[in-house]
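Novice: Spelled out, the chains give:
Protein chains: 2
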Amino acid sequence: MATIKQVAELAGVGTSTVSRYLNARGYISEEAKEKIKNACEQLNYMPNELARAMKSNHSKTIGVMIPTICNPFFTELVHIIEQNLLKQGYKTVLCNTNGDIELERNYLNMAISNRFDGIILITGSYEFMELKADIPIILLDRINEDDLNYITLTSNNRQGAALATEHLIACGCKKILYLSSNEQIIPAKIREDMFVETVVKHKISYTVRNNSEVDIVELKKMIEDGVDGIFAWNDISAIQCIGWLSELGIVIPDQVQVMGYDNIDIAEYVHPKLTTIAQPLAELATKASEYIVRLIDKNIAPPINIQLDNTLVVRQSTKTI
Amino acid sequence: MATIKQVAELAGVGTSTVSRYLNARGYISEEAKEKIKNACEQLNYMPNELARAMKSNHSKTIGVMIPTICNPFFTELVHIIEQNLLKQGYKTVLCNTNGDIELERNYLNMAISNRFDGIILITGSYEFMELKADIPIILLDRINEDDLNYITLTSNNRQGAALATEHLIACGCKKILYLSSNEQIIPAKIREDMFVETVVKHKISYTVRNNSEVDIVELKKMIEDGVDGIFAWNDISAIQCIGWLSELGIVIPDQVQVMGYDNIDIAEYVHPKLTTIAQPLAELATKASEYIVRLIDKNIAPPINIQLDNTLVVRQSTKTI
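Protein chains in written order, with the UniProt record's numbering: chain X, 1 to 321; chain A, 1 to 321.
Everything labelled a hint here was simulated from the structure, so no lab data went into it.
Please read all numbers here as calculations on a predicted model, not as lab measurements.
Pairs of lysine to aspartate or glutamate residues, derived as EDC-like cross-links and limited to a Cα-Cα distance of at most 16 Å, are as follows:
(1) 175/X <-> 254/X
(2) 91/X <-> 100/A
(3) 91/X <-> 102/A
(4) 87/A <-> 100/X
(5) 87/X <-> 102/A
(6) 273/A <-> 247/X
(7) 37/A <-> 9/A
(8) 91/A <-> 102/X
Generate coordinates for the entire structure from the input sequences, incorporating the hints supplied.
Specialist: The structure is reproduced here in structure tokens:
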């Protein structure tokens with residue numbers, strides 16, 4: 001890679017002139033400008049962004065760490081964050097942690113070492129705390145109780161799960177299956193607790209299972225056993241259930257009603273269209289991108305804990321009352 | 001952030017000793033090791049990965065640039081690439097270009113300046129050529145004719161589109177709609193050309209439309225006008241069509257047959273399940289991750305142009321013959 005010295009030599013000017021040119025500071029003759037421009041092009045010279053970042057401590061890059069890119073909920077969220085940050089002059093770099101703590105630590109270290117300006121973090125782990133990192137962090141979507149010292153943005157999982165469960169009960173479900181995540185994911189657990197609280201309050205019979213324990217055979221058994229409502233912890237699981245039910249020839253919502261969570265785009269394309277809980281995705285994303293920039297600019301300070309309410313989106317997979 | 005000098009002072013040793021410790025080179029007494037370790041922890045010292053990367057020219061990071069994270073085809077592809085690279089000790093950093101040339105250039109510059117070891121690039125533009133970058137690049141999925149000087153990995157879009165069109169014709173379609181992308185995306189265009197070539201060869205009547213020109217009203221008109229088969233350039237568009245057809249009360253595949261392209265996971269969850277073309281996604285991803293590492297290690301050299309064949313996955317949205 002070419003150096004500033006080589007550019008100066010080829011242009012026939014001093015390195016300080018090249019430096020003035022690159023930083024657009026001080027006087028340079030039009031002739032010198034032209035020569036430097038040509039020399040840069042000829043040598044394919046690229047000012048070392050990194051060196052600048054190290055000096056200025058600003059790389060104009062924000063890292064967004066998500067647990068999986070395979071769930072549209074996260075990609076739709078990140079898409080809005082990216083668009084917003086771009087308008088503010090920030091590049092977004094996406095790191096997929098797969099919920100792996102070691103990998104998350106690795107990416108966090110990379111972000112700090114590479115002088116990223118800030119991090120928007122969706123995590124379930126406490127690893128980032130160990131770093132005691134002097135880097136602006138916004139915690140999004142998944143937080144622990146101990147995270148309240150930070151700036152946190154979540155949707156109200158208790159309220160959302162209550163909404164979903166109440167809807168299934170109002171639609172006449174007598175025995176409801178809560179289908180949970182395989183992994184120890186905080187929102188899945190909170191929704192489960194609230195589901196149980198709600199069905200118990202209404203004296204409705206219920207069962208709780210993890211995704212990995214349920215396949216088409218298991219589902220058939222549970223329906224024969226009286227399950228007439230399913231509340232899946234996310235839309236992906238709900239859509240998979242709809243596929244199995246169709247395969248079993250079970251009519252939705254007449255025989256079994258299905259409720260998802262997230263309102264991802266395809267919830268509207270499946271047949272029947274999925275009734276689900278819409279998280280305030282756009283608002284979460286917008287606030288996350290706004291707050292990280294303000295945190296970098298030091299015109300906001302933790303702790304700030306924002307929890308937004310969810311809405312029920314009634315489509316075809318539950319009965320109309 | 002703490003410096004190596006501060007660590008040395010606190011540990012009561014010289015900076016060269018700290019340096020030996022950090023690089024695990026040369027002799028250091030157990031006592032000094034312990035002191036340095038404690039000092040690092042106390043000061044939250046983090047060896048500057050970036051400085052090391054600049055020196056060694058290896059950041060152990062590979063950038064993957066994709067046009068959109070909102071299409072599962074790309075996220076499924078990236079997921080496999082990530083998993084493979086991780087096994088080889090590389091972090092993957094994901095950059096979403098939104099098909100925006102300026103943004104793509106920006107990310108490429110960042111990758112080069114930040115000493116990424118290599119780039120896996122899915123692009124339709126020629127911007128990366130202008131950089132004449134001295135960085136290992138693998139071109140994946142979307143390539144131009146001029147790209148053949150590089151290492152390229154694509155699936156055979158002509159073969160895939162012929163397979164799809166022949167299947168619809170064999171299933172008895174008499175008038176087929178090809179639903180193309182709004183943007184100038186190379187694979188969409190190649191598939192269109194091959195579609196037209198195939199229907200013309202079979203003397204089948206046809207029509208070609210862009211996504212943006214078709215909504216539920218337009219689709220209804222076209223069906224009244226005799227369209228009995230739809231070949232959408234990707235699964236997302238096909239699934240949207242299935243949704244509209246269900247809404248119109250049109251029975252798939254009895255009245256209209258639908259064919260997608262990509263075989264994304266949800267193709268199997270929609271109702272009826274989508275007949276589609278499966279690209280050799282796992283093989284493309286595996287080869288991309290293998291080749292970029294070999295290119296970085298200099299035991300492979302361009303040009304290498306690999307084009308893999310696709311397979312037809314028959315499900316429920318087309319008739320069985």
